[in-house]
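J.: From first to last, the protein sequence lines stand for chains A and B. Mapping the first sequence onto this note's numbering, position 78 (from 1) lands on 78, and the numbers just tick up by one. Mapping the second sequence onto this note's numbering, position 34 (from 1) lands on 34, and the numbers just tick up by one.
No wet-lab data here; the hints were simulated from the structure. We put the CB at the ideal spot given by N, CA and C, even for glycine.
Below are the DSSO-like pairs computed for lysine-lysine, each with C-alpha atoms no more than 27 Å apart in a straight line:
no., chain 1, residue 1, chain 2, residue 2
1, A, K195, A, K281
2, A, K281, B, K143
3, B, K108, A, K279
4, A, K107, A, K120
5, B, K142, A, K281
6, A, K281, B, K108
7, B, K143, A, K404
8, A, K51, B, K76
9, A, K404, A, K363
10, A, K66, A, K404
11, A, K364, A, K311
12, A, K66, A, K311
13, A, K279, B, K142
14, B, K143, A, K66
15, B, K108, A, K261
16, A, K195, B, K108
17, A, K279, B, K143
18, A, K347, A, K217
19, A, K345, A, K66
20, A, K66, B, K142
21, A, K78, A, K345
One side only, chain A facing chain B, incomplete, derived with CB under 8 Å:
no., residue
22, D192
23, G303
24, R400
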Amino acid sequence: MKRRLFLSRAALSSLTALIGTDIVFGSMIPKGYSPLLLQDPDPFTLFKKDKGMEVLNDKPWNIEAKAHLLDDDITPNKFMFIRNNGLIPEDIDVSTWTLTIDGEAVKTKKTYTLAELKSKFKSYTYQLTLECGGNGRSEFDPPAKGNQWTVGAVSCATWTGVRLRDVLEDAGYTDKAIYIGYHAADVHLSRDPEKEPISRGAPMAKALQDETLIAFKMNGQDIPLAHGYPLRLVAGGWPASVSGKWLQRISIRDRVHDGTKMTGDAYRVPCNPVAPGEKVKDEDMCIIESMPVKSLITYPRTGAMIKEGQKLNIRGHAWAGELEVAKMEYSIDFGATWQNCPIAKPKNRLAWQNFTASISFPKKGYYEVWARATDANGNSQPMLLPGWNPKGYLNNASHRIAIKVT
Amino acid sequence: MEEHDKFKSQVKSIYRLLSTLMVLFAVTALTIIYLVSDPTLSFFTGPAPVEEYVAVPSEEDFDKIENGIHVRTGFKDAEGLMTVVNNCTNCHSAQLVIQNRMNEERWKATIQWMQETQNLWDLGKNEEIIVNYLVTNYPPQKKGRREILRNISWYDLTE
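Here chain A stands alone, though its shape is the one from the complex:
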C-alpha cells in the first residue's frame, strides 16, 4: 500500500514539475489520463474485480455485479459492487488514522486510534446485506437521474468490527441524541476541500443495534480500499449509503443529520405516493430507512437452454431490510401460478437468505422464471415496478431469468 502510494506521489510530483505549477483542477489534465494511481482506467486490476462486472461510471467509480455473479453465499470482493460518490482518499496512513466521536449530543468528545478501537472494544462479526438505494433504477419510466443500476448493486459479505453502540456509550451521549452522522476522508469530485461527497447517518435506534458496526475487516481481511479501508460504518438492511466508507468522525446529533445527501431528494422518496413523473417538493420527500423485500435468482445465468424433460435447478438469495424473509415463491407462467420453495434462515439478522428450487417445465418453449419473496410483515415483491419516485430508489420488482426448453 505504502509503496503504491509512494509511486503515485512520485508520478504526481514529476508531472507537477513538468507543468511547472501545482495540479489543482482536473480540467488541466487530459481526460482519460490521470497522474493519480487511484484513477487507473483499469478498475478490474485496480480493485481486483471480476471482468464480468459492469462499470457504470469511472469518475466517480460505480461498478455493479450481475445476478449470476452473486451466487456465493458470502459475497467475495471480486463480485462486490462499488458505489462511490467522490474520489477515493489518496493519503491513507493507518498509523495516524483516528475516529472522533463528537456532535451536539456527545458527553465527551473522544478520539480513538485504530489500535485503541480494536483493543478497547470487543469485536463482532456479522454477515450483512448492503444494497444501494438506487439498485434497479434503470427500470423506472420516466427515467430517474443517477447511475443506472440494474440488479447488481447488492452484496452480503461478512464484516468484523466493534459495535457502534459500545463506542457511542464510551463517549457518552445526552438524552438530546436523536441521530448519528458520519464524516469521511473521500474527496469531492470538484476537489473542493470544503465539500463532502457524502455524509449520511441513521437514527439512534439503528445506531444502537447489535449489528451496526464500525468495521475494519471484510471477509476476514482488511477492508479493500474501494470499500472503505481502513474503517467503515456498516448498517445492514438500510441503503448502503448509510454505511460510510473511510470513516473518520461520527457526530451524535440533536437533530436529523443534515450532511451531504441527507437533504433535498437524495436517498429520499415521496412521503405520499405520486404519479410517474410528478414533481415533488423537497419538504414532501422522506428519508429511506429499511430497504424493501427483494430477491435474486443467482443460478443459472439468464438464457439457459435445457432439454425437454430436464429439470432446472435454481438458487438465489432473498433479503428484506430490517426484516426476515418469511416466504419464497417462483413462477414459470408470468405469475398465473406461484410455487413455494424452501428459504433458509439467515446466518444472523440482516444477512440474506438462500433459496433453491427444482423446476419441471410442462412442454417445449420460451419461459421466464420469476422469483418473489415475502417479508415477515406480509409484504411481497411486486411484478411491475413499485411506486415511481423522482430519484428512482427502491425498485424491488421481481427478478426474472429467461429459459428455453428445447
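Go by the hints and put chain B onto chain A.
T.: Okay, now just chain B, sitting in the frame of chain A:
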C-alpha cells in the same frame, strides 16, 4: 597540339560543371536555412494573420472520432459535442451523462443543481448548446411498467 587543346577544354567543362553544382548547392543550402528560420515565408508575404493557427496533430488524435463516437469520452459526435466535453467531463465522467435520459426541463434542473451544490460554473450561452445536444442525442426512452427481457445470450445448460 590538338590533344593539348582537347585536354584543356575537358578541364574547362569539368570546371564549369563543378562550379554550377557548387552554386546550386549554395542556393539550395541558403534556401533551406531561410525556410527553417522562416517557414511561412513571412518576409515576402508580410506578418501572418494571428487567427491562423496550425492544427497540432496530437490534438487531432486527442479528440479522435470513430464511427460517430468521440473516442476518449464515448459521446456521440453531433452539434455541440466539444461544448459538452469541455463543460461536463471535468468533475465526473461522460458515462454518468450518457446513462441518463432526461428532457430539457430536467436537464436544466440538473445543471442548476450542479451549479448550486457541485461547483459547476455559469454556462452562459453554452447551456442551450449543451441541453440541445443532450435531448437530441440522448432522449428518454419509453419503458412502461416493465420491459421485456432483451439481449439474452442463449447457452446450453447441462447438469
